[in-house]
Amino acid sequence: MKQVRWNPSPEPERSGYERLAVITAGSPILDQTPVNDSAHHLWLGIHLPFLALESLDECSAQGPFAVFEQHRQGQQIVVANQLARKSGILEGMSLTAARTLNPDLFSLCRNRSLEHRRLRQLATTAGQWTPRITLLEDGLLLDISGSTRLFGGMTQLIEQIHAWIRTESIDPCVSLMPTAASALLCARTGKASRITAKECIPSVVRSLPAAHLITDAQSHRLLVQLGARTIGDLIRLPRDGLARRFGPDLLVRIDRLLGRLPDPQAVFKPALQFKKSCALDAEITDIEFLYPAIRYLLEKLSAYLSVQQVMLERLQWRFTGERGARYRLPVHLAKPRGDIDELERLSRLALEGLKISDPIVNLELCAHRFTPRIPAHKTLFDQTTWGDAHDDSLVERLQTRLGKHAVHGIQSQVDHRPENAWRRCRPGEAGPVSGDRKRPLWLLPSPKAIHISKGCLTIGTQILRLDHHCERICSGWWDHQPIRRDYYRASSGSIQAWIFRDLDSGHWRLHGIF
Amino acid sequence: MNLDACLQRQDIWRGKKALPADSAVATGFAALDNCLPGKGWPRGALTEILVENIKRSPLWLILPALSRVLNSRPWQAWIAPPALPYPPGLTHNGLDVSKIIIIEPENQADILWSAEQSLRSNACSAVIFWSDHLKAAPMRRLQLAAESGNTLGICFQGDEALRHHSLATLRIRCKETASGLKIDLLKCRGGPLCQNISIAPDSSTSDALTTFS
Chain X
5 MKQVRWNPSP
15 EPERSGYERL
25 AVITAGSPIL
35 DQTPVNDSAH
45 HLWLGIHLPF
55 LALESLDECS
65 AQGPFAVFEQ
75 HRQGQQIVVA
85 NQLARKSGIL
95 EGMSLTAART
105 LNPDLFSLCR
115 NRSLEHRRLR
125 QLATTAGQWT
135 PRITLLEDGL
145 LLDISGSTRL
155 FGGMTQLIEQ
165 IHAWIRTESI
175 DPCVSLMPTA
185 ASALLCARTG
195 KASRITAKEC
205 IPSVVRSLPA
215 AHLITDAQSH
225 RLLVQLGART
235 IGDLIRLPRD
245 GLARRFGPDL
255 LVRIDRLLGR
265 LPDPQAVFKP
275 ALQFKKSCAL
285 DAEITDIEFL
295 YPAIRYLLEK
305 LSAYLSVQQV
315 MLERLQWRFT
325 GERGARYRLP
335 VHLAKPRGDI
345 DELERLSRLA
355 LEGLKISDPI
365 VNLELCAHRF
375 TPRIPAHKTL
385 FDQTTWGDAH
395 DDSLVERLQT
405 RLGKHAVHGI
415 QSQVDHRPEN
425 AWRRCRPGEA
435 GPVSGDRKRP
445 LWLLPSPKAI
455 HISKGCLTIG
465 TQILRLDHHC
475 ERICSGWWDH
485 QPIRRDYYRA
495 SSGSIQAWIF
505 RDLDSGHWRL
515 HGIF
Chain U
60 MNLDACLQRQ
70 DIWRGKKALP
80 ADSAVATGFA
90 ALDNCLPGKG
100 WPRGALTEIL
110 VENIKRSPLW
120 LILPALSRVL
130 NSRPWQAWIA
140 PPALPYPPGL
150 THNGLDVSKI
160 IIIEPENQAD
170 ILWSAEQSLR
180 SNACSAVIFW
190 SDHLKAAPMR
200 RLQLAAESGN
210 TLGICFQGDE
220 ALRHHSLATL
230 RIRCKETASG
240 LKIDLLKCRG
250 GPLCQNISIA
260 PDSSTSDALT
270 TFS
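Going line by line, the protein sequences match chains X and U.
One rule links them: number in the working numbering = place in the first sequence (from 1) + 4.
One rule links them: number in the working numbering = place in the second sequence (from 1) + 59.
Incorrect hints may have been included.
Claimed, not checked - Straight-line alpha carbon distances no greater than 25 Å define the calculated PhoX-like cross-link-like pairs of lysine-lysine that follow:
1) Lys-234(U) / Lys-452(X)
2) Lys-304(X) / Lys-279(X)
3) Lys-273(X) / Lys-304(X)
4) Lys-442(X) / Lys-114(U)
5) Lys-246(U) / Lys-452(X)
What the hints assert, rightly or not - Every beta carbon over 10 Å from chain U, so not counted as near; a handful from chain X, in silico:
6) Arg-103
7) Thr-129
8) Leu-139
9) Glu-141
10) Asp-290
11) Ile-344
12) Leu-507
Rather than coming from a laboratory, the hints here were simulated on the basis of the structure.
Here the structure is a predicted model, which is why all the values come from computation and not from measurement.
Where a beta carbon is used, it is the ideal one built from N, C-alpha and C, also for glycine.
Starting from the given sequences, assemble the full structure and let the hints guide the process.
Now the structure itself:
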């Protein structure tokens with residue numbers, strides 16, 4: 005077979021910025037990359053032959069271990085570990101046969117959802133090398149064409165990925181091909197090829213069994229009758245005849261394999277979530293002793309944030325006490341943050357209010373609200389005495405210590421009813437400007453009763469004098485809070501009061517103070 | 060050579076330190092401005108305003124100064140107000156309410172903490188808080204925080220604080236009268252203690268007095 009050599013960095017123009025762009029734009033699930041001839045992909049197919057074993061918690065079992073699947077005929081071994089293989093247990097064997105071979109065999113039923121979860125975990129980690137990752141049934145496909153330069157060339161990048169996957173999995177097969185289908189095929193058949201040019205694909209795949217391209221049994225028999233055993237045989241056959249015998253699908257598959265047709269792949273988009281816990285050596289009753297653990301977890305979080313190119317909107321600390329008590333401590337951020345020092349400061353602030361009755365044995369940091377990282381812009385000359393940093397950090401600090409509800413802004417609201425003419429809002433939020441009518445500076449939370457004694461309006465011991473009639477407010481019939489009131493300004497000594505007479509009941513009430 | 064000319068001489072040193080131009084915020088009431096050393100509320104310092112009833116704090120007294128400094132920094136902190144500062148009323152008096160943050164701490168310790176954070180932060184044009192009697196140590200701390208943040212700090216307290224010593228730069232007492240307020244300066248760094256300064260809210264209208272019958 006012709007030896008294919010490296011084609012050093014055929015496409016140097018796509019750097020790490022592409023990674024950023026894809027993550028920040030919130031890439032759609034199916035990334036229909038328009039393929040033109042100049043677009044050159046490099047697919048790294050990773051096949052994990054022992055995935056079914058590795059995804060189970062029991063994979064570290066010492067003895068012979070196998071995973072089986074329920075079939076119509078019975079239970080069939082899907083994958084077995086090395087010890088089991090030594091005793092002659094092979095894939096496809098029935099479970100009973102395997103047990104006969106080795107009575108000590110420990111077996112479990114295949115759990116595909118766990119496999120998928122394991123793949124998702126791996127894909128999330130692989131996201132540090134490229135954003136274009138496709139999940140397969142038994143492995144991963146990574147399009148690394150955009151990140152070769154960022155990681156110092158293709159060789160380095162592949163070595164990094166290879167080194168990583170070897171620590172994660174047993175006997176992984178990594179193969180680099182210019183098309184997704186060929187990368188997948190080579191990885192599955194255990195061919196660790198390194199091809200970058202499309203022209204070289206046929207030389208690699210032609211020796212592979214044709215059965216990989218044809219799945220249904222009938223076509224398979226036809227294939228045997230034709231005498232076409234390898235993919236090379238199929239490629240050599242006339243295309244129209246192939247299409248007539250096997251259907252046009254086969255031609256599409258072949259074309260995709262050889263890179264003649266575009267082959268868009270579904271891009272895996274990791275669900276952003278960070279959860280890490282830290283078991284404490286001793287039971288901790290003093291908050292101060294938690295700080296090192298907090299720092300440790302925040303550093304992990306910081307690494308995660310920089311890998312995912314995101315910033316944090318909110319985080320939550322969870323503590324578990326020795327006697328099972330659970331504390332949850334949210335830390336609100338006024339704006340998305342990624343700097344660990346600020347997060348630590350806020351976390352400490354939030355912790356100050358925590359009262360521990362149960363010694364803490366476990367600490368957990370959770371974060372699941374993120375926003376794309378926006379590069380900070382700074383002016384060359386700092387023109388203001390207060391920097392941007394002060395802008396929200398005060399509100400943030402206050403909210404962290406006092407609770408979100410305790411720090412708020414106020415704004416006017418368009419409504420004639422005085423009670424509804426304002427509302428709480430987030431600090432800094434601007435509302436409609438209403439200032440045409442004279443209104444008091446203080447509004448009482450609920451109107452206070454005014455009594456009439458000896459013909460005078462009195463509140464407590466003070467006599468109120470009506471200054472002048474302001475306005476009549478009748479409104480709110482549509483939302484079941486109707487009011488019909490006559491508002492007056494009144495004074496008692498220096499106090500200027502805003503009082504009203506309820507037209508329905510005739511009662512007088514104090515509502516505000518000027 | 061008369062006295063005034065003599066005082067103009069560069070080598071004549073007077074005991075009262077001259078205040079820098081930006082050290083005070085005009086109160087908006089000429090009578091009061093004239094009695095204060097920097098012609099206004101001292102900036103970068105704490106001002107104590109003692110009122111008879113803290114629930115009826117005369118907001119109009121500080122409102123002109125508040126709107127004057129409002130745009131110099133992003134926020135204005137109002138801590139533990141005794142009632143609702145009413146946005147339509149404030150807007151009518153020329154205050155941009157979107158810059159105001161209302162802070163409602165649950166206890167006195169948190170009031171002091173919030174006040175200190177806000178005063179020190181450099182992000183507040185003014186910090187107004189309503190508090191129980193302030194002890195010497197917290198008062199000193201707040202005074203220093205106001206100095207370090209160069210923030211206008213105003214604290215409303217009840218009359219009972221009269222019995223205690225004050226560490227604030229300015230301490231005034233307001234007495235309600237029929238036409239407005241009568242203000243006594245109880246402590247004033249760098250100025251005489253003027254008494255019985257009468258101020259009326261600009262908006263006060265005393266026409267059309269009618270007694271309800």
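Here is what the structure says about each hint:
1. Proximity of Lys-234(U) to Lys-452(X) is assessed by CA-CA distance (about 24 Å); at most 25 Å being required, the pair is judged to hold.
2. The suggested pairing of Lys-304(X) with Lys-279(X) holds, with an alpha-carbon distance near 10 Å, which does not exceed 25 Å.
3. Restraint check for Lys-273(X) and Lys-304(X): satisfied, since their Cα atoms lie roughly 21 Å apart, inside the 25 Å limit.
4. Only pairs whose Cα atoms come within 25 Å are accepted, and Lys-442(X) paired with Lys-114(U) is accepted, the gap being roughly 21 Å.
5. A threshold of 25 Å between alpha carbons decides the hint, and for Lys-246(U) with Lys-452(X) the separation of about 36 Å lies outside it, so the pair is violated.
6. Against the 10 Å criterion, Arg-103(X) stays outside the reach of chain U, whose nearest CB is about 67 Å from its own CB.
7. At roughly 40 Å, the least C-beta separation between Thr-129(X) and chain U is larger than 10 Å, which holds for a residue marked as non-interface.
8. At roughly 46 Å, the least C-beta separation between Leu-139(X) and chain U is larger than 10 Å, which holds for a residue marked as non-interface.
9. With a closest Cβ-Cβ approach of about 55 Å to chain U, Glu-141(X) is found to remain outside the 10 Å limit, as its non-interface label requires.
10. Residue-level check passed: Asp-290(X) sits 20 Å from the nearest beta carbon of chain U, beyond 10 Å.
11. No beta-carbon of chain U is positioned within 10 Å of the beta-carbon of Ile-344(X); the least distance is around 21 Å.
12. Against chain U, the non-interface label of Leu-507(X) holds: every CB pair exceeds 10 Å, the least being about 16 Å.
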